[in-house]
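J.: Spelled out, the chains give:
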Amino acid sequence: MKALEIKGLKFSYIGSEDSAIEIDHLSIEDGETVLITGKSGGGKSTLVNCITGIIPHAFHGEYEGTVEVYGQNVAETSLAKLSTEVGTVLQNPETQVLNYTVEEEVAFGPENLCLESDDIVSRVAEAIEITGISSLNERETYALSGGEMQRVAIAAVLSMRPKLLILDEPTSNIDPEGTAKVFEILKRLKEEKTLIVVEHKVERVLPFVDRIIVIDNGKIFLDIRSHDLIHHVDKMLEIGIEVPIHYIYARKNGIDSDDLDLIREKLREKGMIPASPLRARPARTVLRAAILVSTASGKPLADCSIDLEERHILAIMGRNGAGKTTFLKGVMGFLDTDLRSEVSIILDGRDISGEHIINRGREIAFVPQNFDLTLINKSVEREVAYSINKRKKKSYGNRLDELMDMFSLSDLRYRDPLSLSLGQRRRVAIASAIATDVRVIMFDEPTSGQDYFHKEALGRELVRLKEAGYSIIVVTHDSRFVYKYADRIVVLDKGKKVLDGTPEAVFHESWKYSVLPPSDFLLRSDEYELVNY
Amino acid sequence: MGLNGISGILNAPGEIPWEVVLLFFGAGLLFVFLWGKKTGGLAKFTTLDLIYIGMGAAFAVVWEFYIGAFLGKFIPPNPFFGIGYTGRLIALLIVAGLVRKVGVGMVAMFIFNLLSDLISYGFSGEPMYFLYEMLTYGLMMDIVIAIAGKNLFGIRSPSRKPSTGKGKIEANKNSGSPGLFSNIPAVYLAAIEGITIGVFWAVPEPLFYSGFIAPFLYGGVVDWGAILFGIVAFIPTAIIVGAIGGLITLRIVKAVGQ
Amino acid sequence: MNLLIINLISWLIFFFGAAFPVLIMLKAIGLTGFMKVTRFESYHTFYYRMNPAVKIILGIVVMAVAALTIWWIGALMTVVILLTYLTLKDGKRKFATGFFLTMMTTIGTTWAFAPYTPYAILNEAFHGSALTSLWVWPSYFTVMGYQPDLTVQGLIYGFQISMRFTAVSLMSLVLVMTSTPSQVLRSLNKVGVPISITFSLVIAMRTVPRIFEYIDTSVKIQFMRGLGSRAPRFLRPFYVLVGAINGIVPVIVFLVRGAKDTAISADTRAFRAYQKRTYMRPATIGRVDRMAFSIIVLVILITVIAVLMGFGRGIPYNG
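Protein chains in written order, with our numbering: chain A, 1 to 533; chain B, 534 to 791; chain C, 792 to 1110.
Worth flagging that the hints you see were computed from the coordinates, not collected in a lab. It cannot be assumed that every hint is accurate.
[To be verified] Result set (DSS-like, lysine-lysine): computed pairs, CA atoms no more than 30 Å apart in a straight line: (1) Lys496/A / Lys827/C; (2) Lys219/A / Lys634/B; (3) Lys39/A / Lys163/A.
Bear in mind that the values here come from a model prediction, so they are computed numbers and not experimental data.
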């Protein structure tokens, strides 16, 4: 039986002349597991919305053709009816979780279906069992980690007992441990349901899928079996999709295999193992931060000392709750007043531990994950000039123009920062954060939820900043990004520093702390044993 | 004081005759009922609209009880400017700009009132406040939305009628009234419509509240000189805050890409 | 007294009334404090087991009693309700926050009435006894609506008025801190409020603490970027308000950007499939609720007796 059949689908949003999606024919069999991939803005989410019925029922536009899910025409079937056939898990669990307790969240769907309370109880129990979240049952949803929240979101969809489950970038906002748990659930569900996973990181989902569909510019660009991917690497790269690095080298060197060990072996035989990225040389310490933080009841949150060298990019990694964000907050003076803390911050040999945020901000900049919250002015120019105007120092001279040039913002000078694209907004946020005498820049999860294109742009920006003399701390879960751009990694676990060194050194044993090495590292590493993870 | 904080005084000196108020509220309710019947009532609001309304109410509450409440301490009571009015008007204009459907004013005022009762007032004086705020502030906003048609605050808004037919489904891209002012640039239209709603909103507090609700709830003498002065004195603020609110709304709606 | 000194002291008193509650808010409670008293946390004590409808009724009764009786009954209820904050999760902190909120309301309300209340009303409230002047304002203060003198009776009147609000405010926050929006929704649906309305209300209740959280982040980042860097140290707390206002538009945009996902999440889980919903745990009336009802009945009885004994509302309220 066909789980999904699309014929002649064409949809354009209100106010847009171009079709957001145009598919002549697509069918997915019952029980298949399919990866849909493509760049951000390429039409993946529109396609998902057409399958779930959000288009045309909730989001409107010009709609042509038919989409059938298990034989039911989506446009003619109510969303409520469709919700028992097809379930959707979205990228950001924070925006999709509606209720305060886990149990309420999982029960939300069945309650909407007006089921008897006994039936709701059994569905909730079943969904909680499948997703392994019984220990979270009575927790408040807002207090969960990203990974935990995403599992709750999956449970909340499973309680509707859909036959087709769509997961739209389900792991892009969560840590590796959370990601692994989500994939454990998927492995289990693969036997029972038709799965569509939308993801731009192909490497992550490859082991689970039977088929890969690539969407580009609203059209199907590729539709292949997953084991055939190695033969289509060039096409994937051509449209800017991230593929495992060993696939690229295998293709380049004519190795017809997708097995990493074999590819490494062959490359070694040919003397073609690529060199590791260049790391900055050891330099003098610019920032030395020792942070000891516990809750009012004495539960330790962070107890670590981290040094940042000049003109270095330091990545801080570790599972959720390891103390990474607490460390950043300690450095900036953002810690909640009801926490107990002892903080020592030495910047360039000066002790600034007792300084107010205003004074710390003179030399330390912070770009939060939600950097949109920092854009308070009505034009890009005023946003970037904000610190300069507030601190009013003559020595800043042409600083504004320098920054506008450095971040390619000159053409956007009079635009509203809030109406810019994601990449442009981030550039404005960084430029305005470093506008005065900043020496150290700290980024909290800048790679979270970003596609390959945006991550590469971010990486290039960080390198440029490093070259311009800034020292940088990045908190991230993205091993591949870290391997490519960081000079040093510190891994935190339960608030303590457990590993500290170059990416080459740290990735050898970081798996112990849920920091998985990327294929870039594995391809180059002789000693690393895959059995370790 | 009578039941639930309502004294129920109907003959305070100068008080607006209850028959007039009843007529106004009755006409208001009739309008809501008929309009609701014509357009589908609450069902016409999408889930997204309901979320916008909830968020707007949350902002209005944060302003009314926290940020604005404290700023207000620096400003002595006066007939020219109101901190609470400012925040609430801007929050509601933003919701109106995001939803752009007749009825949003009244529904948003209802939610705002309900939330205020839950977190602070404990349903004191209800249901008077529900009726008063929905059928004055809310209704006035809805009247402006109805007049503006599909072009509220200069944000062109084609009909969002669900489409469920077979074959090619038109989303009514160009259907519906384009509005009376479709040739006016968005910025001016946003400011003008903001001002119109702002000026409308300047009336209920002095007129209905001081002229009827306050004496009805607590008794006292109604000073019509003060009421008329209150309406006139507040208009400059209403114009400025309305214009700013309209422009902020346009900015936000553009930023989130409606 | 020297005219300059009179003016100086008068403005100092003016600013004390205006600024002190703001200082309490910013220094003792903070934006994160507000976040905590507007957000539900799971726990097991009696408030958490009580039916939300009963809590709403309790709030209404507290409001009515405070409005109908003499001021000290309101004050007594305020103390009792505040003490019950100790039974909440993280009770000491919530008690402290509740205490400061009460202080803020008391000082704020006293100051909102004391200088403005016409002598005629004070005379009525204090049965014509002579008013005791504490301070004579400069004559131009009347432009702001001030009475010529600040009187002891004005302050007492303001304080007594404040006792009508403190208890109900504390009781209302109990509802928000100890019931999830879904539980409140269940009760409201039972009395006929449509699910569309209650859904919006749930979104609003969920959004209030998030607004504080995001504004807090925005304000801190603004400080890092130099907000208030050239102002004297003692004015810094007031820059929190400036930062909060600056942060409102980006916070709205940030929240609204996530709204589409929230809508999809609800729509794809059959939200509004029917006019009504069923519930996994239908709201029930338990032992705690029966006890609460007993307390409500008792409070109403005491109120009736108090009013009959002449402890009814002692002062007029010119709202």
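J.: Each hint needs a verdict: does it hold in this structure or not?
T.: How the hints compare with the structure:
no.	hint	in the structure
1	Lys496/A / Lys827/C	holds, 28 Å
2	Lys219/A / Lys634/B	violated, 34 Å
3	Lys39/A / Lys163/A	holds, 27 Å
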